[in-house]
Amino acid sequence: MAIATIIVLIVAISIVFAYTYYITPSRPLPSQLTTPTPTQPLERKEKIAVYAYRDVITGIDPGAEDDIGIIVLGLVYEPLLYYNPLTKEFKPALAVEWLKVNDTAWLFKLRPNVRFHDGSLLTADAVRFTIMRNKALYNEKGVGCGWIWDSVEDVIPLNNTAVLFKLRYPAPLDLVASAAYSAYIYCPNVMKYANASSLTDDSIRMWFEQGNYCGTGPYKIVSYKPESEVILKKFDEWWGWSIIDNQNAPDTVIIKIVEEPAQQELGLVSGNIDIATNIPKTSIPNLLRLGYKVYNATFYYNFILMFNVRKWPTNITEFRKAIAYAIPWNDIVPVAFQGYGRLGSGLVPYGFPGHVEGLHYEYNLTKAKELLKSIGITDAKLELVITSGYEEEERFAQLLKASLQQIGIEVNIIALPWEQVKEKGMAVWSNLEEAPHIIVNDWWPTYATPYDFLYLLHSNNTVWNWSGYVNPDYDEIIDEAFVIEGRDYEKALNLYVEAQKTIFDEAIALNLCDSVHPFVYDSDKIRFREGAFNPMYSFVIFFQYVEVLT
Amino acid sequence: MLLAYVLKRVVLSILIIFGVIALSYVLIYIMPGNPAYTWVGKPKGPKAAEAIQIAVRELGLDKPFYIQLYEVTTRFFSFNWGVSLRFKQPVATIAIRSLVATLEVLIIAYVIAIPLGILIGSIAALYRSSLGDKAIYTLTSILIASPRFWLAALTLIILQALNVNVFGRIGVEYQPTITIVTGSYIIDSLISGRIDAFLDALTRTLPPALLVSLYPFALVVRIVRISLSEKLHEEYFRQALSYGISGWYAVKRYALRSVIPVLAQIMGITIAYSLVDVATIESVFGREGVGIALAKAIPYNDYPLIIGLLTVVSIAFIISFTVADIVHKLVDPRVRI
Chain C
1 MAIATIIVLI VAISIVFAYT YYITPSRPLP SQLTTPTPTQ PLERKEKIAV YAYRDVITGI
61 DPGAEDDIGI IVLGLVYEPL LYYNPLTKEF KPALAVEWLK VNDTAWLFKL RPNVRFHDGS
121 LLTADAVRFT IMRNKALYNE KGVGCGWIWD SVEDVIPLNN TAVLFKLRYP APLDLVASAA
181 YSAYIYCPNV MKYANASSLT DDSIRMWFEQ GNYCGTGPYK IVSYKPESEV ILKKFDEWWG
241 WSIIDNQNAP DTVIIKIVEE PAQQELGLVS GNIDIATNIP KTSIPNLLRL GYKVYNATFY
301 YNFILMFNVR KWPTNITEFR KAIAYAIPWN DIVPVAFQGY GRLGSGLVPY GFPGHVEGLH
361 YEYNLTKAKE LLKSIGITDA KLELVITSGY EEEERFAQLL KASLQQIGIE VNIIALPWEQ
421 VKEKGMAVWS NLEEAPHIIV NDWWPTYATP YDFLYLLHSN NTVWNWSGYV NPDYDEIIDE
481 AFVIEGRDYE KALNLYVEAQ KTIFDEAIAL NLCDSVHPFV YDSDKIRFRE GAFNPMYSFV
541 IFFQYVEVLT
Chain Y
1 MLLAYVLKRV VLSILIIFGV IALSYVLIYI MPGNPAYTWV GKPKGPKAAE AIQIAVRELG
61 LDKPFYIQLY EVTTRFFSFN WGVSLRFKQP VATIAIRSLV ATLEVLIIAY VIAIPLGILI
121 GSIAALYRSS LGDKAIYTLT SILIASPRFW LAALTLIILQ ALNVNVFGRI GVEYQPTITI
181 VTGSYIIDSL ISGRIDAFLD ALTRTLPPAL LVSLYPFALV VRIVRISLSE KLHEEYFRQA
241 LSYGISGWYA VKRYALRSVI PVLAQIMGIT IAYSLVDVAT IESVFGREGV GIALAKAIPY
301 NDYPLIIGLL TVVSIAFIIS FTVADIVHKL VDPRVRI
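Top to bottom, those sequences are chains C and Y.
Take the first sequence: its letter number 461 is residue 461 in our numbering, and every next letter is one higher.
Take the second sequence: its letter number 7 is residue 7 in our numbering, and every next letter is one higher.
Because the hints were derived from the structure by calculation, they are not lab data.
One or more of the hints may lead you astray.
Chain C stretches covered by chain Y per the calculated footprint, using a threshold of three residues with CB under 8 Å from any CB of chain Y [stated by the list, open to error]:
1. 137-143
2. 188-201
3. 260-267
4. 298-308
5. 397-408
Keep in mind it's a predicted model, so treat the numbers as computed, not measured.
By construction, the Cβ of each residue, glycine as well, lies at the ideal position given by its N, Cα and C atoms.
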């Protein structure tokens with residue numbers, strides 16, 4: 001009896017396996033693609049786009065999130081405006097008109113008849129609620145990027161569709177309102193949904209993080225598993241569908257977390273992933289030959305090498321300069337970044353306000369040796385901390401190690417998970433022994449201000465100033481520039497350039513590369529329209545501007 | 001007797017879970033990395049440092065170690081598993097959905113491994129020293145020694161080359177059409193009445209399940225072969241044959257019964273090993289699961305999630321040991337549990 005059952009079971013499994021082998025869909029070869037016969041009525045198939053990202057989603061509270069959650073938030077929520085620093089153009093989102101009334105007052109007119117995902121109307125009160133919560137979250141708990149609203153004293157709803165921002169000091173509020181973080185407008189009903197008693201009640205955050213949402217964006221969340229995947233569905237009541245007229249926009253967007261580059265490649269080739277962000281760069285030429293396409297997205301995402309200026313020998317300016325001259329600058333982009341990047345200059349990336357050209361060192365080993373000789377250092381051992389899994393940083397570290405060896409400096413490369421890199425970096429302020437001599441940080445901005453990048457070396461910034469750099473003059477320059485941005489933007493930009501020259505002259509931190517991100521996609525299925533990417537919103541694909549062709 | 005057994009198991013389970021929590025927390029405590037950094041994210045601006053201090057206070061990391069350990073333990077035993085520091089979601093939610101994904105593979109693997117192993121093992125025992133027996137012996141040696149992660153990568157590449165899509169847990173085209181009830185796509189697709197989705201989910205689960213099944217299969221074959229060979233020489237078995245009862249019938253009716261208790265005990269332990277196997281294999285096949293979740297939690301010192309996942313796995317072990325005991329008792333009433 002038992003033997004018979006076992007045999008039946010084996011046969012049943014074999015049949016199921018054999019059957020599924022034949023019915024499993026797979027990506028057809030180009031030659032096998034056929035045109036549908038026009039006489040046959042075609043049922044409209046659900047259009048699905050699968051986007052693979054390399055890191056887990058760190059949160060989806062639009063008021064508290066400050067990291068990877070942007071790739072979801074950018075589809076579910078909208079700010080008042082979008083801004084593209086490359087074209088220097090604003091694009092209306094939830095605000096259709098905006099006006100600087102005077103130095104300390106801005107008026108925003110909201111788009112009428114916009115509905116949140118819960119059906120409620122977008123009103124000036126919702127704008128006030130969002131900004132006040134984001135500010136409060138930051139002021140009380142330091143959570144999120146509410147600091148961008150620091151200049152805002154009050155948000156005054158004039159009527160349902162007009163809102164007046166009263167400022168404490170002049171600020172470019174159009175730029176602030178188009179920030180990549182903490183500028184997404186959400187509905188005040190979240191207080192009710194989360195049974196919250198105050199704006200900063202933890203229950204609101206927990207409500208969001210469980211996969212709930214209440215924005216105005218073109219997509220809604222149907223499944224939220226931050227460690228593995230997020231499924232988004234088209235929000236049919238989105239105000240923009242009739243404007244952009246994209247019949248082929250995906251009905252469902254699946255954001256898959258696939259950390260391993262090789263797995264992203266496998267997923268792409270097998271048809272389980274349509275757009276991949278983290279394909280091994282060496283595999284891209286082969287994928288291009290197979291018919292896949294690459295969209296090289298420029299985000300303001302750069303890799304900054306920071307010297308520890310509090311620890312011997314990187315506390316000596318000449319020594320840091322010697323290292324700077326020994327960096328094989330010409331190999332960084334082609335070798336470390338495999339061609340996907342632009343050599344860094346200054347601290348602010350190319351195309352971003354405040355960027356300055358020609359502010360980088362040249363590879364000159366003779367000069368490096370002379371500098372070392374001038375300070376009497378013939379050999380030294382340095383610790384270099386990089387983030388594990390970042391292939392660009394790993395290749396750069398090897399390049400640097402090989403080059404520094406030629407001038408008698410030994411480099412110990414330490415690759416750590418991101419959170420431990422951060423701890424090592426912060427150790428420069430609290431535990432100098434633990435802090436490495438050199439550390440690489442990757443950075444992207446919150447909104448279009450150079451202050452975001454330059455604050456990395458502010459003496460008050462004990463969280464991100466991994467150089468341990470303290471220079472009151474530098475602090476004063478960038479603080480002044482930040483304050484006058486709203487009054488005299490040109491002068492502010494000049495001050496930011498001056499600050500970068502100071503950093504360059506003292507060789508405190510070096511922008512290695514403004515990276516370019518190749519999005520490899522299945523061109524048989526996916527087409528990007530203009531607007532699908534905006535460099536200000538890193539890694540967000542605006543799927544309302546994506547066409548799914550099959 | 002049953003009550004005593006249940007009580008013993010409950011006490012043992014509590015001790016094991018306490019041990020898991022304590023050991024995990026001690027390891028996390030001495031590991032480099034501050035959990036507060038994970039909890040707080042990437043705070044920027046003038047309040048960034050304060051945000052970290054607040055996070056340290058919120059997580060109780062400023063308290064002495066023994067108080068931290070006491071709080072973590074009591075919280076877990078009061079079923080408040082807290083929130084994942086990295087994912088900001090309840091630990092229980094992540095742990096259970098990861099376990100469901102892992103069990104999808106594990107259960108199928110054992111459903112294949114045990115009966116097939118018994119069958120092949122019985123054949124080997126009945127035809128001991130024959131060419132078939134030697135082939136089976138060699139095959140099982142290879143299977144026990146083979147690195148499953150390597151086989152997984154190889155299998156995936158071969159299947160992809162044959163256009164068999166086995167990446168992930170279910171095809172994206174089916175995903176939006178299924179109502180999630182249990183978290184298992186195999187079961188949920190049936191609940192949603194989607195046979196096509198069920199077959200797709202099953203197709204994607206079978207290859208990793210087959211790979212996971214290799215080790216328990218080989219082990220079952222070995223155990224059945226050796227144990228049965230001994231039984232086949234015993235008096236009662238030879239007498240059964242002399243009465244004209246067929247060898248297969250005698251094996252099934254008499255000899256196998258005495259093998260099953262040993263098998264049940266060993267399978268209970270083997271599940272622990274297979275869980276490690278699943279962790280690597282599910283990663284290769286782009287699936288979710290306990291192993292993947294742990295791999296994402298450990299480098300970030302996400303201690304509530306690490307403890308939650310390990311506790312869930314421990315509970316799974318305890319259940320498998322208990323089931324093994326019960327099977328043993330059912331098959332052999334002489335055994336006292």
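**Item:** Proximity test - 8 Å, beta-carbon atoms, the region 298-308 of chain C to chain Y, at least three hits
**Value:** violated (count 0)
**Prompt:** Given as covered by chain Y, does the region 397-408 of chain C meet the bar of three residues or more with CB within less than 8 Å?
**Reply:** Per the Cβ count (0), the hint is violated.
**Message:** When I compare C-beta atoms, does the region 188-201 of chain C have three or more residues closer than 8 Å to chain Y?
**Reply:** violated (count 0)
**Given coverage of the region 260-267 of chain C by chain Y, checked by CB-CB distance under 8 Å (3 or more)** = That given contact holds, which follows from 4 residues of the region 260-267 of chain C lying within Cβ reach (below 8 Å) of chain Y.
**Message:** Can you confirm whether chain Y covers the region 137-143 of chain C, using C-beta to C-beta distances below 8 Å and requiring at least three such residues?
**Reply:** Check passed, 5 qualifying residues.
Hint compliance for this structure: hints 2, 4, 5 are broken, all remaining hints hold.
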